[in-house]
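Chemist: Each chain, letter by letter, is given below.
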Amino acid sequence: MSETSFPVNDLLRRKLQTSLTVVSLVCSVASTLFLLLFSSRMGLGIALVAEDTLTIGLLAVFSQFILFVGILIFVMGAVLTSFIVFLMMTQRTKDFGLIKAAGCPNSLVFGYFMTELLIVTFTGCVIGVLVGFGVDFAVSRISGFSVYQNPANIWFAPVVFAAFFVLALVFGTKPILNAARLSPIKALSSTHYFGLTMGNQLKPFSASRLTGKIAMRSLFRRPTSTIRIILLLAMVFILLTVSIAGSIIAKDTTTSWVEKTAGKNVVAIAHEEMAAQYEILQSKFFEAKDEGGMFDYLNEKIAISNETIQQLKALSSIVNVDARLILKEHVYEISNFTIDPETLATFPVGDKREGDSLIIGVEPMDLTGSWFLQGRFLENGDSWEGVVGDSVARKMFSKPLVQSLRVQNQSFAIVGVCLDPIDNGKVIYVPIKKLQQITGKSAPNIVFVELSSSIDRVAALKQIKERISGTNQRLTVIELDKVLGKSLVFLENAWSTLMLLPLFALASATLCLIAYVMLAVDEQRQEFAILRAIGAKPKTIVNIVAVQSSIVLASSLAFGLSFGVIATLMILVPNPVVTSFTILQIATWLTIAVTGMFFLSLAPAVKFARTALLRIMT
Amino acid sequence: MAVFIAKLCKIYEIAEAKVEVLKDVNLNVASGEFVAICGASGSGKTTLLNLISGIDKPTSGQITVFGEDLIDKDEDFLADVRCHKVGFVFQSYNLVSTLTVAENVAFPMEWTRKPVKQIEVRVSELLETLGVQHRANHFPAQLSGGEQQRVAFARALANDPPLLLADEPTGNLDAHNSQKIIDVFRMLKANRKTIIVSTHDKQLLELADQTLCLENGSFELQ
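So the protein sequences, as listed, match chains A and B. The opening residue of the first sequence carries number 1260 in this note's numbering; numbering runs sequentially from there. The opening residue of the second sequence carries number 985 in this note's numbering; numbering runs sequentially from there.
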C-alpha cells in the first residue's frame, strides 16, 4: 500500500463522512465568496447610485454598514471552515489509534491523515470557489437585481481560497497532532473519542426525562465541538442581528432624518419658477438632475411680497408661516484653534477650503421643525450663527462645530450639522435677517406654511391658492409630501436591497446548522440505532436532536443577539431611532429566522428516523 | 402461543446478487418455553432474531408475537412491541455510551411513563440480581465485557417483557462470566419467561426445552 493510495482509498470508502465534510466546506467557502461578491457589488452599486444622489452622511452610514457586514461574513466563513475540519479530524482519532495499534509508525500515520486533510480541504475550497461564482452568476441571471450591473471583484476568490485553505490546514492539523501524542490504547478508548470527557464529571439528571438527558449529555461530553458550533452560530446571529436590526434601525433612523426636514402638514408657496427650482433641489436626493444653468435666486420677480405673507398669516387654517430666503453663494472655510482638554495644548483645526453652497435664511422663531445630527439648530437670538448640511460639513470642514464659515465677507459660527435632502445636503442655514443684511435683499423667495391638523387639507389648500392668486397670479403651492414620499421610497429601496444580505446570510447559516446536525446525527448513529432497537419510537430520535438543536440555537442566539445589538446601536448608526414597532419588527424577523433554522436543522434527524433500523445498525 | 412463524423468507440484495438467508422457516414457541437456536456463522440466527423483534422485515411469511402480527406494521407499532413485549440482548451489548449503567436500565421504563420511584426500585432490583449494583453510576466504557453483558440483560428485562431474545449471549465472554450469564438464564427459565437464544454454548443448549439448528436458512430438528 503506497503512502498516497491509502488516504485516497480511505476517503473514497468513507463516502458519507467524506462527502459530508467536503459539502460543508463547499457550503462555507461558496456562501462566503458569494456574500462577499454580493456585498461588494451592492457597495459599489450604492456608491455609483449615490455619486450624484444621497447626502454624504447617509452614504457614510451605508458604506460603514456594508463594510461591517462584509467583515462579519468573512469571519463567519472562517470559523465555519475551522470547525468543519476540526470535527472531521477529531472523528478520526479512533482510526488513528487503530492504525497505531496495528504497528504503523507514527510518522507514516501522520502522513496518511495529513494527506487526507489536504485532499479534503483542497477539494472543498476549489469546489467552494467554483460554486460561489456559480451561485453569483445564477442569482444575477435569475434575479435581475440592479446591483448586478456592477462588476464582481474577482480578487475575493484567491483571498477566500487562500485564507480558508490555510485555516482548514491549521485547525485540521491540531487534532492530528493531538492524536499522534495519544497512546494507541487512549486513542481507541471511547472516553477519548470525539472529545468525550470522563463520565464521573457529570452527575445523573435524576429528575429529567430520557430525551433531555441524552441530548444534554451528548452536548456536554463533547465540549470542544459544542463550544465551536455555539461560537459559529453566535457569529451567524451577530451577522443576522446586524443585518436585520441594522437595516431596520438604519432605515427608520435615516427616514426620520429626512421626514424631519419637511415637517408634518407643511406646504411651500413660491413663484412658479422658484417652485420648479425647489423641486429640482429636493429631487437631487434620489435622482441626478441638471439644474439647467445658473438659477437667479435674487431675481425680483420671484420675491414674495410682505402683503402675501400677511394674507397667509390671516388665514385660520394656517398655524405657522415660515418665510425663507434661498440663494447660492460661494462659501469659505475658516480655520480655528482648539484646545486638547488633557494637555491643554492648542492645535489648528481646518484649512482654507471653499465651494458653492445653497444658503437658506430662516427666522428661527418661525421654523416648522428642527433637524440636526450634531450640535443644535438655529434658535431665537442667534445672529452670526449657522447650521451646515452634512455634505458641506464632511467636504469643507474638519471639525465643523469649532469652526466658522464666511459668506460675502461675513463670518458665521457653525453651531450644528443637519441632514437635509435639499441639494443633497450642500446647504447652510443662517438667520434670515443677517442674510438679508449681507445680500441687500429683503424679500423672501419661498414661504413654508404649516396647516392646522384639525381642518380639511383639500379645503385649506384651495383657500390658500385663492388667497395667493389675489396677490400674485404666478405664485404656486408646492406639496412637500409628494417629493418627501419619493425621497422615502428611494431610501426604502436602498435599504431593501441591503436586506437581501441577511436573507443570503440566513440561508448560509441554515446550511451550516444542517451540516452540523448531519455530522452530529452521523456521530450518534450507533446510539440512536440502539435506542430504536430497544423500543424507542422514531420521534424520540427527532426529539433528542431537537433538544440539542434548540440548546445550541438558544445559546448562540443569546450571545449573537447581545453583541449584534450592541454593534448596531453603538457602531453602525449614530443617534438611532428605536421605537417599540422597530423592536417588534426585529423580533419578528429574528423569530422567523430562528424558527426556520430550527425546523430545517431537524431534517437530518427526520431522515434518519425514517431509515430502516437494520440499515442503521449494520 | 408466544411466537408463531410460518413460511418465513428473508432475501438480502447485495449489489446485483441475491442472498437467501432464511427459506420457508416455520417455528412455534409456547409461552414459558426455552428455545435454543444453533448453527454456523452466517446461517441466519441473528436475522431470525432480528425478524422476531421487528428490527428487520421479512421478504415473505408470517410472524406473530403474543398475538401481534408484525408483518407490514409501521415503526411506531414495532417500537411498542419491542418496548413492552420483547427484551433483546445483543451479541455486542449495544449499551448507550452517554448513559450510566443505572440510566441504561431505566430508560426503556421511561418510555412507558412509569413513576420515577417505581423505576428506581426496579433498576436497583435488576442490578442487584445481576450483580452489577456497584457499577450503577459508571458509564459502559468503564465496564468489562461480562459486566456490560449483564447490564444488557438488566436492560432487556426492565419492562418485564414476556419474551426474551438473546443473540450469542456468551459468545464474547470467558468461562467465569459465561457461567454468570447461564445462571441468569436458569433463573429466568425458573420464572417461566419465554426465551429464544442463539448460541453454541453447550450449557445453554442443555438448558433449552427445544433446540433447533439452522442450516442453509432452514431448521433441522436436533
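FYI, nobody ran anything at the bench for these hints, they're computed from the structure. It cannot be assumed that every hint is accurate.
Stated by the list, open to error - No more than 27 angstroms apart at the CA atoms, straight line, and that leaves these computed lysine-lysine pairs for DSSO-like:
{"hint": "1", "chain 1": "B", "residue 1": "Lys-1041", "chain 2": "A", "residue 2": "Lys-1798"}
{"hint": "2", "chain 1": "A", "residue 1": "Lys-1798", "chain 2": "B", "residue 2": "Lys-1173"}
{"hint": "3", "chain 1": "A", "residue 1": "Lys-1519", "chain 2": "A", "residue 2": "Lys-1560"}
Said to hold, decoys possible - A few chain A residues facing chain B, derived, Cβ under 10 angstroms:
{"hint": "4", "residue": "Ile-1473"}
{"hint": "5", "residue": "Gln-1783"}
{"hint": "6", "residue": "Ile-1793"}
{"hint": "7", "residue": "Gly-1855"}
Ideal Cβ placement from N, Cα and C applies to all residues, glycine included.
Chemist: Could you tell me which of the hints above the structure violates, numbers in ascending order?
Modeler: Numbers 2, 3 and 7 - these are the hints that the structure violates, sorted from lowest upward.
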